[in-house]
Structures are given as C-alpha cells and as structure tokens.
Amino acid sequence: MFRLSIASAIALSIGAAAHGETFRWASTTDPQSMDPHAVSSTPVLSFLNNVYEGLVRRGKDMSVEPALATEWAPIGNGEGWRFTLRQGVVFHDGATFNADDVIFSYERASSDASDVASWFAPVSEVIKVDEYTVDFMTTDPNPIFPDSIANWMIMDSDWAAANGAKLPAKEAENFATLNANGTGAFVLAQRQPGLKTTLTPHDDWWGEAEHNITSAEFTPIQNPATAVAALLSGDVDLINPVPIQDAARLAQSDGVQVIQGIEARVIMLGFPHAAETLKYTAQAGQPNPFLDVRVRQAVAHAVNVPAILQTIMRGNAEPAWQLVSAPMRGYIDNLEERPAYDVQMAKDLLAEAGYENGFSFGLKCTNDRYLNDESVCQAVVSMLAQIGLTAELDAMPVRNYWPELRSNNMDMFLLGWSPGTFDAEHPIRFIVATDNPEKKLGSWNFGGYSSARIDELLPQIQSEIDDTKRMEMLEEVTRIYQDEVAYVPLYVQPLIWGARDTVSLTQRPDDFLILRWIRIE
Amino acid sequence: MIAFILRRVFQSVIVLLIVGLVAFSMFRFVGDPIENMLGQERTQADVDRLRTQLGLDQPFIVQYLKFLGNAAQGNFGVSYRQGRPVATILAERAPATLELAAVSGTLAVLVGIGMGVFTAIRRNGVASNVIMSLSLVGVSLPTFLIGILLIYLFSVELDLLPSFGRGDTVMVGGWSTGFLTKSGLLALILPSITLGLYQMTLIMRLVRSEMLEVLRQDYIRFARARGLPERVVNFRHALKNTLVPVITVTGLQVGSIIAFAIITETVFQWPGVGLLFINAIQFVDIPVMAAYLMLISVMFVAINLIVDLLYFAIDPRLRIDGRH
Amino acid sequence: MTDFPQPDAVKQAQDPGRMSRLWASDFAYAFRRSPVAIGATAVVLVLVLAAIFAPLIAPHDPFNPATLNLMNGFTPPGTPNAFTGDTFWLGTDDQGRDVFSTILYGLRISLFVGFSAVLLALIIGVTLGLIAGYAGGWAETIIMRVADVQLTFPAILVAMLIFGVAKGITPPEYRNQMAIWVLIIAIGLSDWVQFARVVRGATLVEKNKEYVQAARLIGRTGPAIMLRHILPNVLSPVLVIATISLALAIIAEATLSFLGVGAPPTQPSLGTLIRIGQGFLFSGEWWILLFPSITLLALALAVNLMGDWLRDALNPRLK
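Chains as they are written, first to last, in my numbering: chain A, 42 to 562; chain B, 15 to 338; chain C, 508 to 826.
Just so you know, the hints here were simulated from the structure itself, not pulled from any lab data.
Note that the structure is a prediction, hence the values are computed from the model and not measured.
Backbone N, C-alpha and C define an ideal beta-carbon position, used for all residues, glycine too.
One should not assume that every hint holds.
Stretch by stretch, here's where chain A covers chain C in the computed footprint (C-beta under 8 Å, at least three residues) [what the hints assert, rightly or not]:
# : region
1 : 578-588
2 : 607-618
3 : 776-789
Derived DEER-like restraints, expressed as beta-carbon distance ranges [unchecked claim]:
# : chain 1 : residue 1 : chain 2 : residue 2 : range
4 : C       : Leu746    : B       : Val246    : 48 to 56 Å
5 : C       : Asn571    : A       : Ala367    : 32 to 40 Å
6 : B       : Ala316    : A       : Asp141    : 27 to 35 Å
7 : B       : Trp189    : A       : Ala203    : 42 to 50 Å
Generate coordinates for the entire structure from the input sequences, incorporating the hints supplied.
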C-alpha cells in the first residue's frame, strides 16, 4: 500500500509536469501479470514487450531483427543456433546484461512453472560459450527457432534471485508479478492491477528512442461503448480494439483517427470428423452427415462470406481459405480463392450426398472471444437455413466454450486461430495434426480431423532448413486440408485501433502496441 | 435483547454457511478456470498438474471446507488471475465501491426526501405530478442503458464529465480516495447518479406516501389549527414522523446499492469490487468470487441485524417479532 | 428488484372488507376519473395485445433464420427491402431482421418472462407467507430468516447464480429452449420475498380475528382457513406488489441480458435487443437501440404507473 502511494505521488507529479507527452491508452483486458514467463497471452506479452526484451524482436513489418542478440547463425548442420549478445546493455535497475541472464531466463522460462515452456520444447541444451555468446542446441534441425522465441523475454538473474522470483508464480504472489526489471525502452513505474499501470522511459536504453513519450498510462476498459466514449471525449489517446461497427463513424469524428490492419487470426468453422452421430436437435443420434466431404463443401459454398464482410465486418476484414493470413510465413500465394458463394451448388452437393431435404444440428459458438463472433454465427445460421440446414445456435462465453469442445459437445463449431510463431506450421501442428498428447500435436484439433499424409509431412516441415522445399511441403498440406474441407476458413479478423489525431504510431499484425514507435504531436 | 441478538446472529451464520455451500457447488458451472490460466500451447499434463495444485480435482464439499477453514483464519486464498492474495485485492478495490455507494446513497436520501416532501405537500400540483411521473422514467429503463446514455450525453456530446474511471486518487492511510481531487470528484458524478437513481425514486415515493398518511393525522390538523407556520408543521411535525420506515428501507437498500454497483462499475469502468466480481466471473477466478460473495453476505446480514436493532430501539411495541 | 414501500400495503391489509366494496364502486369510479390510470392501462393493453398477436401483425418472422438476408442488415427506418420491396418502417438490425418485427416478438418474450416470473414469485411468496404467518414457530423462523438473507442479497446476484447452475445442469441439447425458463425461475426466485413478508404480516393480523377463530371452532383445517378465509383478505397488497414486480421483472431481464445471462440472440427479448443495440450507439445506427428502448420504457412506465395508481386507489386512507 505504502509503495503504491509513493508511486502514485510520483506519477502525479510527472503527469503534471509534462502533460503534453503523457500517452494514455486503454484495452479490454488488463495484463494479469508483469511476469513475462508466467502467462502466455497477448495482453501480457504485448504489454511486457515494452518493458522486457528478447534476444530477437519483431520489427514494424513482423520481420525478426536483432535485440539483445546482435547476430545469430545455425550451428553445423542444424544442431542448434549460436547467438551473439549485445554489449553495454543495462537493466532498469542498472545491472549489466550478459550470458548469465540468458541462461537464467532460459531456465526460468522452460521450467514447469512457466507458461511459455513449449517454446523451448525443441531445445536440448543451452551452453554459455563466453560472457556474450550463447549456444542453443536443438534435438532436430529447427529453422524457425529464432522466430519462435521473439516473445521470450530476458530477466536479470540477480534481481530475480534477490527478490525471490527465480521461478514464475501462478498460484501465489511473487515479486515479479507486480514488479519488472527488464532492458526495454520503458520502466514499470507504477502497477495497480486492474486499474492503472504507468510506464516511464528507460534513460539508459541501448537503442535510439523514436518516441517522445514521458509517461504512458494503461487502463483496462471492459465495456466497448465506454472505451469509444473515452476516446471521443479525449480521456484516452488510444483504444484497442475499436468495435468494428464504430470504426467508420470514429474515422469521421474530429480529432480521432482509426488505424486498421489485418490481424493474424483466421476465423473458421470446424466439423466433428470423428463423431459417428449428431449430438443436437431432434436428429441427435442420427449418423453424422459432416463425415461426407460433399456436405462440408456445401457448407463452404453456402456461407456468404462477402456479405458477412460487408455488413457485420463493415468492409474491414479479408476473406480467407487458408489457415493463416497472407502476411504470415508459409502462406501459399498461388492457391485459388475461397469457394464462391453459390446456394445452388451447395444444394446440389447436399442432394448428391443424400441430404436434399437438409438436416438439423447444433452450432457452438463463442460470444466474447472474437470480434462480433455471435453476430457472425447468427448470420451463418440464417445462411445455412437457405440450403435447408437447420442449425441450432448455442453461443456462450469462452470460459465455458473450450470445456464443451474438449468434451466433443458439438456438431459444428466456430474457431479462431492466431499462429503464435507467425508461421503456417503453427496451425497445422495445433489444429490439423492428429491429436497426439505424447508428441504434443493436435492439442486444439477438437474435431478430430486426421490425415496420414499431413502427419507424415509435419515433422519434415518442422526440421527442413531449405525454404523452397519447406514451402512445397506446406503447399501440399494446405491443398490436402482444403480439398478435404477439414475446416471452412471464413475471414481474417481485422485489427482496428482508434487514436487521437495527435498520435502517430505503427500497428503490428500481432496486435502488440509498441510504445517506442509512438509519437505525440 | 442480548438473547435476541445472539439468536439472530446464530441463525444468520447458518444461512450464510448454506449460501456459501450453494455458491461453491455452482462454481464449476461458471466455467473451467484452468482454460484461462494456461496459454495456447499447454499440454494435458500441464492442465492436470495445475488442477491438482489448485485442489480443483477434489469434490466441491472438500474445496468448500478448505475455503471455510482458511477464511476463518482471515486467508481468502490467492486469485487465479492475478496471482495475488484475494484479501489484498479486495482491500484495494473496496474504497472505490464504498465511496461510490456512499455518494449515491447520500444523493438518493437527500434528493429523495426533499422531493418526497415536496410532492406530498403539493399533492395535486402540476410540478408534483411531473416529478412523480419523471421519477418513474428513471426506474423504467435498465441501469446499464441509463449509464451509457449519460456517458454519451455528458462526456461525448457535452464533454463536461469524464467518461470512465475514478480520476486521480490520493492515498490516505491505506485508503484510496477520490474525494480530494477535482478529477476524482468529477468522476463521481455520473456513476453516482446512475447508481442512486433507483433508490432516489424509491425513497421519494416512500416519503411521499408516509407524509400523506401523517398529514391526515389529527395532531397535524391540530398543529395547523393552532396557527403554526406551514413549514414548521411540515418539517418539524410531519417529516419527523415519517422517518422510521424511511430509515428501515434505506438501510435495506444499502445492499442493493452495492449489488447494482456491479452494473454501474462495469459501464463506467469504476475500479471497485463489483467490477472485480464481473472480471472474476469472466475468468472463473473462484477465490475472488467466493470471497466477494461471502463478504457481501456478511455485510448484508449485518445490515439486516442493525435495521432490526434500530427498530427495536425506536419502537418497543415491535419487540415480539422483529419486524412488522 | 427490491421492495417498494410495504408499510402502507401492510396497513392497508388491515382493512380487508373494504376491498370488494371498493372494487364495485369507488375503485371503478376512481379509475374513470384518472387519466393517468386510463392511459397507462391502454398502453399496457396495446402492448400485451401486440405481443399476443405478434405473428399476425409482424411483417416478418425474425425467429426464422431462413427468411433473413444479411445483406438487408443496417437498413435505416423507412427504407424498402432491397430484395422484396417491403418497407422496413423501423429499419433493420445487424442480421437484417426487421426491427419492428423483432420488437413485437421480443415483447412477447419479455412479457412472458415477466408475467411468469411474477406468478412464480407470487405463488412461492404467498404460500410461504401464509405458512409463516399462520403456523408460526420454527417454520416461521426458517422462512423469515431465509427471506431476510434473500431480501438483502442482491436479486441480480441470485439470478446470476441460478442462471449459472441451471445452464450447468441442463443437458446441452435443451439449453436454448431452457434459457427462457431459467430466466423465469431466476427472476421469480429472487423476487418472492416481498410477497412473503407482506402476506405474513397481514396473516398475523388476520389470524387472531374473530372470523378466523370461528372457522377454527367449526373444525376447518389450517390449509382451508388459509386459502378460504385469510388469502382473499390479503389480495389487494399482493396485487399492488405484483404489478410493480412485473415492471421490475421486465427490467431485471434486460439487466441480466447485459450481464450476459439473458435470452439467446436468435430469439431476443426486449432486453437482449437493447443489449445488442447499445453496441450501435456510436456507430450511427440509432434505430437498433432507440426503438426497443422506447418500447421497454413505455411498457415499464405504464406498468409502474398502473401500480402506483393501484396502490393509491386501494389504500382507503388516501381517499
């Protein structure tokens, strides 16, 4: 309490001294922890990217660029990766950064208590070569390893030890839950969970400051309408996200700009590929029609994606037919577009499959996870009704949703997937590969889709160093899941931020707000 | 008297324990907390390990007894979401809710009594009828809509008042108060109107009908006949006699102010315990939900008891059966 | 949601014999003399009839997804349907549903939930109130202690908890149909206390009156006495509370919808429509929020005014 009060007094005086360059922003969820290894969620990683840094980081175009490592190169024939560390970097508390901090952060982040341990699953050993050189040995050749650790953040080993935070804590409080000591461009000045978190610039940061912020304040605002009001009335400088329906109106308002981009997240419909029977409506217990690929194709043709994009998404989203969006690594350029909206063809396909009279089933959907998810599902219901399929919609909060899907309580479901590695391999590993807990594959493949050929190709893709060969294999996988309509990808979710006119910034497709790119005029 | 209090406290504790048990049996229907605690790339082994660690693999009765045992020692556990002790979190958040409740409660009582007296005295006046009807508009729309409309009007269109939050707060001995800064006071206006509107209407109508009753009493007629000024009759004689039921109802309303704070706090992003509770539901933060429910139950029972005792003190005739 | 003033309702129950007489003469006379009462009753009647005959009045069936066309979404009021040429007098919502039709159907659900919840609360409350008042002893202690806790325990919290459990224990295939019934039970269960308290208070007064003593002497049983003799004499405060509870129940349903525990979006109630509509407050599609809100306001206001008038009219002391 006492600590907080001093911090708030400081924050107040800073705010008063240089109000013009205080940047206030709001988002729906508060980052629940200041510990970069305790929670692997976008709000946390996005926020902490301003405070902590990794060996590598993503630039404005998502490409990987040097951060705490100045260069890196594969060792031998893919036995691992060697990172050369940057010299002269200091943590916020003044301690110097070196290889010990990297080793320590590796041990911390790959421990059982960490939520990001899976990033290090391919790593067999980490070796300190000298004060500024570290080798990461991998069990198999791993071409995307540097990419996959872009959000792995380095913590000072002495600071963690001195404050009893050598391991991330999930079930108990820990010094690192509320405090931070990174090398990043901003220092955590004040942390009031759920209320306000204040950052101030790190004076001894190694990089060149592009921003002109003297203080940055984050507040969670849960109710979307309240957030829009806060932006319009100038109570905050930036909100993320802007409700899609408000984007056009906001863009026309005085003093406000809307920044749009394509997010990494692809929204799709999934099917129960392994279920013998339907589970919902009067037809529960009847054979599962979705086992027939023609029925799945019919669904793909029946959903009028352009209409969804035009009305519900207000022209702010792009149609999708692959499981990753175009800016991602491994997106296949020369494949055909998504199947055309064609009611007649859908009806013909259904008739061919023996369902000319349609059937009824249950559609599971979230109502608080993806942008306008409930509206989209409602629209899908009415579009499927046009071809004689009666979908009973069960929309629920995400806290109930995953348990339902895990228990196979669905006949069709909505799913959004954002590839954490920004690579096409990611969705294949998690939602296309056959479910295999031992190999940690297919852990989100709720529908139980299975293709022997894809399962065979996946390990090869994971260890292929030659990019051309890798792309060929990715293309084959993509063709297979498209031909078999494993999923019906609908669109790529848009990123919409709203900001005051005085703010200039860069929006990254992973929805991270990078403060060091922000300038206020 | 003491026997009465003891009996009431004992009965209340039993009811509280049952409320707690029912609440605990329901948490598993709210959702699975594990889903929110682990990232996209977790494995089933991670899930199982965490479930065991949190004791969620045990029957809810066991979980409940554990919770009670710890709560009896003042330990409400650790929030699943924030990883911090629930007691600390509640202590941080309580001032916001209590200040909001205090302001809206005061507003409701003052304005409610004032308008109640006015409408009773001018029973058939045009102004009273307008006030009576308008007051019903306030309770004929859901609170969240009123809040959003107020924000739209006063923050966005007129740009007079802040749209969200508490403004700047000052720490006074561990209590964060918004009463001492200008932005803190401005931030209180819209949420407290939103929250107090219903109670204001309620109190106004109660005062009016009680006043109408009292004004017909013989002693008021005598007072008038004796030539006492109207103001003295209305306020010194009549109003005084309407206050007992007003106090009771107002006391009972404290509970519903705290409860409705959930909605007001959500709309205005007011960082109090109501918003905390809504967040706890969203993230299936069982320790926070449990502590919140227990805390407000205890508070409500205490309010109830105080109201009963007040009755006891004011009206000896009621000693036989608590209320009515 | 909480109790509107009971003291006069209770006191009023102490003059039981008057009610029937009032109904015959003064009551009807007072009604004819009050433009507010006539107006409010008319509004309620119109809305109830509109809800009952919604399938006949509504130009579209918004609950039938096959008739919807997403490309009709966000049509402003008074604009013709691009496909059929019918005019959407009140515009369309995000799904291309005719707002006028959704309001009519939503009204239906809101009124159904409201009436049923109040009926449930009334049955539970009156029964428990009679038992508590008449039987006394431990039955009374239990009932009234539970009532105390329930009364102070916020109704929306009770409703949220009940909703959570009911959703949990309902087999998934019935959940959509269940939502409405769960709402009714949740709101009804959170609202019975006022009935119980008022009825108990009145019963305590009645049971010592001579006519009840007499009934007991001629060998009438407890339940018979409660139903035949006491119940008719406590009906007028119950009627007043029921009216006000109806308005509260309809608003409560809307509030629960905002908290995410309302009617499903494919079969929206007025509350769900407002919850959906508030998302369009800033985007310029004002009609999606405005028209359902006005309807809800008109309904709740009229019911409240009726309740208000009833309370004054049935209270002999205010004559």
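> Do the Cβ positions of leucine 746 of chain C and valine 246 of chain B conform to the proposed distance bound of 48 to 56 Å?
Replying inline: 38 Å, violated
> Checking C-beta pairs, does the region 607-618 of chain C have three or more residues closer than 8 Å to chain A?
Replying inline: violated (count 0)
> Taking a Cβ-Cβ distance under 8 Å as contact, does the region 776-789 of chain C have three or more residues in contact with chain A?
Replying inline: Holds: 5 residues of the region 776-789 of chain C have a Cβ under 8 Å from chain A.
>> 42 to 50 Å was suggested as the range; check whether the CB atoms of tryptophan 189 of chain B and alanine 203 of chain A agree with it.
In response: Violated, at about 31 Å.
>> Taking the Cβ atom of asparagine 571 of chain C and the Cβ atom of alanine 367 of chain A, is their distance within the range 32 to 40 Å?
In response: 38 Å, holds
> the region 578-588 of chain C covered by chain A? Criterion: 3 or more residues, Cβ-Cβ distance below 8 Å.
Replying inline: holds (count 3)
>> Does the beta carbon distance between alanine 316 of chain B and aspartate 141 of chain A stay inside 27 to 35 Å, or does it fall outside?
In response: Since alanine 316 of chain B and aspartate 141 of chain A have Cβ atoms about 55 Å apart, the given range 27 to 35 Å is violated.
When each numbered hint is compared with the structure, violations occur for hints 2, 4, 6, 7.
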